[in-house]
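Trainee: Given next are the chains, with one letter for each unit.
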Amino acid sequence: MTMTLVNKAGFNDQQLIEAYRKMCLIRLFEEKVDYFFAKGMIHGTTHLCVGQEAAAVGSGSVLRHSDWITATHRGHGQTITKGTDINKMMAELFGKTSGTNKGKGGSMHIADIATGNLGANGVVGGGYPIACGAALTAQMKHTDQICLCYAGDGSTNEGSFHESLNMASIWKLPVVFFIENNQYGMSGPIKETVNIQDLSTRAVSYGMPGITIDGNDLIAVIDATYDAVERARKGEGPTLIEAKTYRWKGHSKSDAKKYRTREEEEMWKTERDPIANFKAKLIQAGLLSEAQSEEILAKAAEVIENAVAFAEAGSKPDVDQLMTDIYAE
Amino acid sequence: MREITYTEAVREALSEAMREDESVFILGEDIGIYGGAFGVTRGMLEEFGPKRIRHTPISESAIAGAAVGAAITGMRPVFELQFSDFITIALDQIVNQAAKIHYMYGGNVSIPLVMRTPGGSGTGAAAQHSQSLENWTAHIPGLIVIQPSTAYDAKGLLHSAIANNNPVMFYEHKLCYRTKGDVPEGKYFIPIGVADIKRPGKDISVIATSYMVHKALEAAEILALEGIDIEVVDPRTLVPLDKKTIVDSVKKTGRALVVTEAVKRSGFSSELAAVISEEESFDYLDHPIVRLAGAETPIPYEPTLEKLAVPQVDDIVTACRKIMAAK
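Residue numbers (my numbering), protein chains in the order written: chain A, 1 to 329; chain B, 1 to 327.
Chain B on its own, in the form it takes in the complex (with noise of 0.2 Å):
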């Protein structure tokens, strides 16, 4: 199989999903011409033309309102949010349009939208254009929240959120872009609402998300040199969470490391741990849950305090090793 940058592989899906179907098109700042903050649309504006693929204002609400707009009326708009930290100025239309119009219109009409942003930090970008903001929309009965981690989930998860006929965040990852990984060509689904296991193992389960899969499995080379077996599983989508892969893991291995990029207090790290502890996992565990996450602090520009502000390799390393010298 051909090896493909997640950048690549985003950019397939999208180009696939709009040579099949006329309905669906692209709004969103600067992703014409530019080809976007981080190329991931670039050449679509020269295959598509500046139709479908439309270069906005900045002008986040009306953006992902227009998206709304257009999904209710029978298109299947992906809107680009530039930084996933200017939700900010597109909440109103995400939170109480998009989220509950199904609902609240008693189910007579479905949002078919896709938003997608890239957040997280390790650029140097600092603290408006760094965040890991997943969880708010987590928060939010109506919307489907998928975070990517690899090129391959990248690709066959848009595919399932364009075809989706709910509003859909996506979450890409800044780091992840130029990660490179097997991508088939031509249009394929991962389902919505599975986790994967990217690492089999038999002594802790590091549930990571994100950006976050891959420094847990480079720390899982380390520490496989020491016999430490993790396993890491990554939930891929947050809303709907594939509770049953993260309890039957726990459930073998007696132990849990949740590792997330956001913020520690009221993260997606305390759904996660939550949920190991309510399902009978909790009665498998041989230490309790441990949980690395974001520290309570904006995103520093200096790169020692950026690195310091997010779990890194060596934080996973040294958790799991005491875990594993707990008795």
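One chain only, chain A, in its complex shape (with noise of 0.2 Å):
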């Protein structure tokens, strides 16, 4: 006997459990980034978004390919979601020609344009104004695309956060700013920081629907993004929503995490694992077993071990690459 699991986006058994791989294997690609990094087999650094998995997924698998992401600097989950060659990713993290980037861009640039993944940004809020633009480009063009603006917590400090909030809301922008708040801007506890209870409540001064979610709810956070994302391509407006998480790894590869107790982090980790949660309503619903379950972490394991296969197997890139791709033909 089995029994749906009602959403907003009318998601049917075989795209939840799809959504369940896409988490799953968001995972096991950070793990693998983590176990690379720590290893000195990467350089430069990187931003894991382990823990925030249904965020990332909830979200993505509600826009169409035609759709357009800005991601930000924790943004592997975002940009795998959107649909980016996993293989690809792998390689622009070992810096090869094969990879998103060509090896020029690393795990904070990553982007494909192909799949509407405008990129990923290294400068916390630097996507909101490059959302509004895109989704100005959607609104002039009369096309019906939206932009999907992820950004984090601390990001709602800056001022490109309030300058793009209010001209996404004066113009009407098919544009949804979603906001993963996974409580810390580095090591600034967001409570610190600001002096409001959820975030989602500044959506009040710039005229726009503001909404707080479970983030790490993957039904709740997909009925979120379907009402927004419904609202942008009716032409009706952008859309703030704060989905509450949690990162279980630090900033990014040196963290001691001193700004926060361990207790607190096995706590998200037992009790609020967005991955183990969802696999178990799956499973109480009747629509995925506990063999399933391991069957679908094996293959997501495969695939990343063929990620990492592809991106081993690229070449650096020449030297003559230094120079090149600077000003566009």
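Where hints are given, some of them may not hold.
Okay, derived cross-link-like pairs now, DSS-like style, lysine-lysine, Cα gap no bigger than 30 Å in a straight line [to be verified]:
| id | chain 1 | residue 1 | chain 2 | residue 2 |
| --- | --- | --- | --- | --- |
| 1 | A | Lys141 | B | Lys187 |
| 2 | B | Lys322 | B | Lys198 |
| 3 | B | Lys243 | B | Lys198 |
| 4 | A | Lys141 | B | Lys51 |
| 5 | B | Lys198 | B | Lys251 |
| 6 | B | Lys252 | B | Lys322 |
| 7 | B | Lys51 | A | Lys172 |
| 8 | A | Lys22 | A | Lys234 |
| 9 | A | Lys234 | B | Lys51 |
| 10 | A | Lys234 | A | Lys249 |
| 11 | B | Lys244 | B | Lys198 |
| 12 | A | Lys258 | A | Lys269 |
By construction, these hints were calculated from the structure, which means they are not laboratory data. Note that the structure is predicted; figures quoted are calculated from it, not measured.
With the hints in hand, could you dock these two chains into one complex?
Mentor: Laid out in structure tokens, this is it:
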């Protein structure tokens, strides 16, 4: 006996299992990347989204291929969900010419225009105005595309947040501002850097709907994003969504996490793991068995191993690449 | 040929480009009914409507960034920064986003946008509305930087800027707006990266930018009466810089005077002097390179002080006399 997991996007059982698969894939991708960094096999830095998978997958799954996203520095999950080839992502982290950005961008700048990913951003809040610009294109060209602008909690204190929400609202731009509130901007707890309970209340100032949701509840994320996307597509303007979540790992690869307790981390990992919780829901609804889940995980692990092999097989850029692509033709 | 003002020439280029290409549009503060702080877009709202002549909130970061996002997704935005001093608010979107995206994304997307903005002093607007900050953007790989001095150059270079697939910083000068010159009707292109010899001469190469070109030409008339024949070289684009025209001129005259309005220290005048001394022109120099540039001070309000802060015609005349008098 199975029961349906009701959601506003009308996703069927297969689509929900696919969402579960994607969350697993993202976690394994991030854990693999974490491993490579720890081993010194990838250089530079990276910001992992382990623990935030439901926010990325729940929101991105609602989009069409032709829609756009602007991703954040913690954007691997957002990027995978939008449809970027994992092989190319891994190759980018390895600095290979077969990477999404030919090895010139790295983790913080993965972009994939073909799938509508206008790029991750190394500057906190840097994506807000760009998302408005993309939405403006859709509006001026009368397409029905929308732009989902991902951002973090810390970015809501940037001027670009306020300038962009206001502009999007007065012009009724087809954009959805999706804040992944993972509680900390590097080391700064959001509760110490804003004097409000829910970041979504800032929407009031700009005359747009704002909603705060449990960002670790996949269905809640799907529902809120679906409403916002529909509103944007209908030409009714932007929405501000705050998805409360938690990043399990440190801010970047070197983070002793002195600003929070191990107990707090443990609570989020055991009680509020978005993947475990959704898995439990699927099993309870009779849509997934333990064995099927194991199979999904095994296949995801294989996809990651293939991505690593693809990345390793790629070539490093030639030295002439240093001075190539500074200017467009 | 008919004579029009620099302001009209800029407006003409914008209007012609917009008539031809639906993806070109303008956004900026007060560019609609008001016609822009300097009247450049006057009358354009009536022809093109508020969707394409897009009056924005006072939000320079959102203006610049919206142009970036629109450019990535297929439009060709031209944004007006009301005063070039306000670039401080827009700089993240210009420097960290627009300039780098093409390279950072492995050449997979281009950013065809233009920033138009008036710089320079001489209007009594004081320290926060009178600076010449073009060197800030000239320092950033990925940006093209243009500084037209005449109506003819402004129109032809703006057409090239709009047609270009890179972020182009187009610095106008407030005192240039009312200058007049012969400008052809219809669209024409002046290639980006080609300097112009505004006055040929044999004694000193005066490399001057923006409004300083006009001052150098005025100085040339005075100096001519004394038998000093200066050549006025206008780089027109700072990035890419037409080094060859500058170097060839200095090879011919053997003397170089660089004149910019921007503050001397770490300004573009330093770059121009460095180019002359690094290239083969160095071997032809009969006199050390001389630079005339802005005083290292904020631009003051009071008119006498304001004039003192930037090179004037007399300063150019005096500098040229000194160079010629040296043995």
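Trainee: Check the structure against each numbered hint from earlier and tell me which ones fail, lowest number first.
Mentor: 10
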